[in-house]
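Colleague: For the record, in the sequence shown the residue sitting at position 21 is 21 according to the numbering used here, with numbers rising by one throughout.
Hints listed in this document are in silico derivations from the structure and should not be mistaken for laboratory results.
Warning: the hint list may mix true and false statements.
Claimed, not checked - Pairs of lysine-lysine residues, derived as DSSO-like cross-links and limited to a Cα-Cα distance of at most 30 angstroms, are as follows:
hint, residue 1, residue 2
1, 137, 156
2, 116, 62
3, 151, 28
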Amino acid sequence: MGCKHDCTGCKQECIDRAVQLGYENTTKYWGCAQSTFVAVVDTLREYGVELTDKESEEAIFKCLVGLSGGHANMGDGNCGALTGAAFAISLASGVDRQKQLENKDYRWIAFDNVAKTVGQKFLEEYGGVTCRSVTWKRFGKWWNSWNPVAKADFSKEEKERGCLAPGKCTISKTAGLAVGFILDMLENPRTLEQIQKDHNLV
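Whenever a hint applies, use it, and build me the whole structure from the sequences.
Modeller: Listed below in C-alpha cells is the structure:
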C-alpha cells in the first residue's frame, strides 16, 4: 500500500467520489459487498492511495460476490456494504501474516479500525450490522431476496423512495464513510503500543 501525495486537503472530494462510484456500482455489479469494496479501492487509487493492485482487487471482488445480501443474499449475515467496507478498512490496516506471527495483538489494530468506524456507525444508524437490521431500519420491513416476487417488490420500493440516488443508497453512503475513515487512519495510524494499552493486552 502506498500514497503518492497528502490527501488531507481533498478528503471531502475523495468521499464524494466514493459516494458517486458506490452509486454507479449499485446497478453495475448488483451486489453490495463487491460494489462497496471496489468503490473504496478505486476512489483511493484515483487520489493516489493504492490499497492493493488491480489483480488482487479482482481476486477480492470474487470473494465478496458470495457475501452480498447478508451472506449469499440470505439477509441473515452482515450487511454486504458493511462487509465490503470492512474488507477495505482491514486491508488498509496492513496487518499481514508476518505481523500476526510477530505478535498476535497486531490484529487488534484491524479490529479497532473496523469496529470504531463503520461498525459503530452502523450500530448508531441502523441498530445492528446485519442486512436484515439495515433493511428493517430503512424500510420498516424485510424481503426474502430468494423469492422473485419479494425481490421485485423490494426493487420497486427502492426506486419509489429514491434509495438508489447517490448518498441515499446504503452502498454509496458506506463507501463514502469507509474512504473518510481510511484517510483518517493513514494520517493517524494506530500503533501496537497504543492498542495494547487501550485493551490492557500487556
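Colleague: Take the hints in turn and mark each one as holding or not.
Modeller: Hint check:
Proposed proximity of residue 137 and residue 156 is supported: the alpha carbons are some 18 angstroms apart, at most 30 angstroms. For the given pair, residue 116 sits about 27 angstroms from residue 62 by alpha-carbon distance, which is consistent with the 30 angstroms threshold. Restraint check for residue 151 and residue 28: the C-alpha separation of about 17 angstroms stays at or below 30 angstroms, so the hint holds.
The structure meets every hint from the earlier list without exception.
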